[in-house]
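So the protein lines, in turn, are chains H and C.
Straight run, no breaks: the first sequence in the numbering used here ends on number 240.
Straight run, no breaks: the second sequence in the numbering used here ends on number 241.
Some clues are possibly wrong.
Derived pair list, reagent style SDA-like, types lysine to any residue, alpha-carbon separation capped at 20 Å [as the list claims (entries may be wrong)]:
(1) Lys157(C) to Leu202(H)
(2) Lys157(C) to Glu146(H)
(3) Lys139(H) to Arg166(H)
(4) Lys139(H) to Pro91(H)
(5) Lys48(H) to Lys157(C)
(6) Lys62(C) to Glu15(H)
(7) Lys157(C) to Ala180(H)
(8) Lys53(C) to Ala71(H)
(9) Lys53(C) to Ala72(H)
(10) Lys145(H) to Glu235(C)
(11) Lys157(C) to Ser149(H)
(12) Lys157(C) to Arg150(H)
(13) Lys53(C) to Glu146(H)
(14) Lys62(C) to Ser149(H)
No lab work stands behind these hints, which were simulated from the structure alone.
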Amino acid sequence: MSLTKRIIACLDVNAGRVVKGVQFVDIIDAGDPAELARRHAEAGTDEIVLLDITATHEGRGTLVDAVKRTAEQLFIPFTVGGGIRTVEDAAAIFDAGADKVSINSAAIARPELIEEIGRRFGAQAVVIAIDARRAHGATQPVIDAEVFVNGGRKPAGRKALEWAKEAESRGAGEILLTSMDADGTRTGFDCELTARVSDAVQIPVIASGGAGTADHFADVLLEGKADAALAASIFHFGIANVRELKEAIARRGVPVRLPC
Amino acid sequence: MIAVIDYKAGNLTSVMKAVRAVGAEAVATSDPDVVMRADKLVLPGVGHFSATTFLEERGLRPAIEERVGAGIPFLGICVGLQWLFAGSTEAPHTAGLNAFAGRCERFAEGIKVPHVGWNSIQVSESRLLQGISSGAFVFFTHSYRAPIVNGTVAVTEYGLPFTAAVERDNIMGVQFHPEKSGAVGLQILENFVRLP
Chain H
-19 MSLTKRIIAC
-9 LDVNAGRVVK
1 GVQFVDIIDA
11 GDPAELARRH
21 AEAGTDEIVL
31 LDITATHEGR
41 GTLVDAVKRT
51 AEQLFIPFTV
61 GGGIRTVEDA
71 AAIFDAGADK
81 VSINSAAIAR
91 PELIEEIGRR
101 FGAQAVVIAI
111 DARRAHGATQ
121 PVIDAEVFVN
131 GGRKPAGRKA
141 LEWAKEAESR
151 GAGEILLTSM
161 DADGTRTGFD
171 CELTARVSDA
181 VQIPVIASGG
191 AGTADHFADV
201 LLEGKADAAL
211 AASIFHFGIA
221 NVRELKEAIA
231 RRGVPVRLPC
Chain C
46 MIAVIDYKAG
56 NLTSVMKAVR
66 AVGAEAVATS
76 DPDVVMRADK
86 LVLPGVGHFS
96 ATTFLEERGL
106 RPAIEERVGA
116 GIPFLGICVG
126 LQWLFAGSTE
136 APHTAGLNAF
146 AGRCERFAEG
156 IKVPHVGWNS
166 IQVSESRLLQ
176 GISSGAFVFF
186 THSYRAPIVN
196 GTVAVTEYGL
206 PFTAAVERDN
216 IMGVQFHPEK
226 SGAVGLQILE
236 NFVRLP
């Protein structure tokens, strides 16, 4: 018996539709988040994250209706992020059936939001998403990695390690760490950065950005000391069958939920 | 009718959805009169142990005690399981139901807290866990753990072994979230709703 490492599928949603292609060949509607989430759950994914990728910079609210439909037939943990700025925004997402909310820019702008949501819904319901980039040119590029907000467009003027510690002290339940250097490259997660953040906090860290192969997942769950690893496009394009992925990382010695 | 007790700790949506998905009629309520009319009770909850003081304030505790005493099935989930014990170090002045001896304590230093994710359970004879094999995975998210007692029917390990499920006659509790544990969790909820 031991706690397993989680493999998390991220659905990037724009105007209520999943973007970035198709992941199941026989799917009826590739853009429907409810159907994709259900299929991911059946395939053995441990958790689903739905991210409204355009919410912050266009000032749009998260699509409560898409959340509601997705949650309806989903019986695994379900996190929703994008455009959540207030306790009321979060309450609407929880009412729609999400288990956790992921907060990024709004927590940087007003860190008290972490406490406010945590008090009402519990610390386990608050995920702090950190988009970080190594401080290229600095003497300690990993330790000094910087936080970006607004979908990675704007430097927040904060260091990732410090912000992760502050988020924890304010009562965040988990950290979702995305390496902007690795994101989209499919050349592997930023293990060094992930390990630094994981060592700096007592709460679980979800690694994101850079997944391309099963070995990349194993690397970040072992050397990167991540508690979970998240990917989007690797599932969307049919590269990774979740069960095969889990079997491969189990062979590297990572405890995973199998059979799933 | 199953009454899912709303004591304003976290949200009930997931539990309501899952109970309905296994074919039961469920109402969310903070009303002791509804509790008195229910034929099964579910006490869900994520969050702080002190949230259970709501049960005292609203007169829910005596209603629950009376119905449980009359023998109707009761299922506590997460904090709902912890409430079945004498109390928790999370809120030393808040009394639990004391149906099971001992207090819940925070996980020891040196491991990540909360315990979040899928962990496997070792199962013994139980009506609630009928058909669930040892080694099955269920989803946990909590920072405090219940001691292993006489009524423990499932154990899991994180740092040290602790109670994942208890059962004594009609009183049952699970530390994990059956509503978030996929097919295994739905099977457990179905076992509960089908109890006579």
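Hints, verified against the model:
1. For the given pair, Lys157(C) sits about 15 Å from Leu202(H) by alpha-carbon distance, which is consistent with the 20 Å threshold.
2. For the suggested pair Lys157(C) and Glu146(H), the alpha carbons sit about 16 Å apart, so the restraint of at most 20 Å is met.
3. For the proposed pair Lys139(H) and Arg166(H), the alpha carbon gap of about 25 Å is over 20 Å, so the pair is violated.
4. Only pairs whose Cα atoms come within 20 Å are accepted, and Lys139(H) paired with Pro91(H) is accepted, the gap being roughly 14 Å.
5. Only pairs whose Cα atoms come within 20 Å are accepted, and Lys48(H) paired with Lys157(C) is rejected, the gap being roughly 31 Å.
6. The hinted pair formed by Lys62(C) and Glu15(H) meets the criterion: a straight-line CA distance of about 17 Å does not exceed 20 Å.
7. At most 20 Å may separate the alpha-carbon atoms for a hinted pair to count; Lys157(C) and Ala180(H) meet this at roughly 11 Å.
8. In summary, the hint linking Lys53(C) to Ala71(H) is supported, as the alpha carbons are separated by about 12 Å, within the 20 Å threshold.
9. For the suggested pair Lys53(C) and Ala72(H), the alpha carbons sit about 15 Å apart, so the restraint of at most 20 Å is met.
10. Restraint check for Lys145(H) and Glu235(C): not satisfied, since their Cα atoms lie roughly 41 Å apart, outside the 20 Å limit.
11. As the CA atoms of Lys157(C) and Ser149(H) are separated by approximately 14 Å, the hinted pair is consistent with the 20 Å bound.
12. Distance restraint check for Lys157(C) and Arg150(H): the Cα-Cα separation of roughly 16 Å lies within the 20 Å cut-off, and the hinted pair is therefore satisfied.
13. For the hint linking Lys53(C) to Glu146(H), the alpha-carbon distance of about 27 Å lies beyond 20 Å, and the restraint is violated.
14. The suggested pairing of Lys62(C) with Ser149(H) is violated, with an alpha-carbon distance near 33 Å, which exceeds 20 Å.
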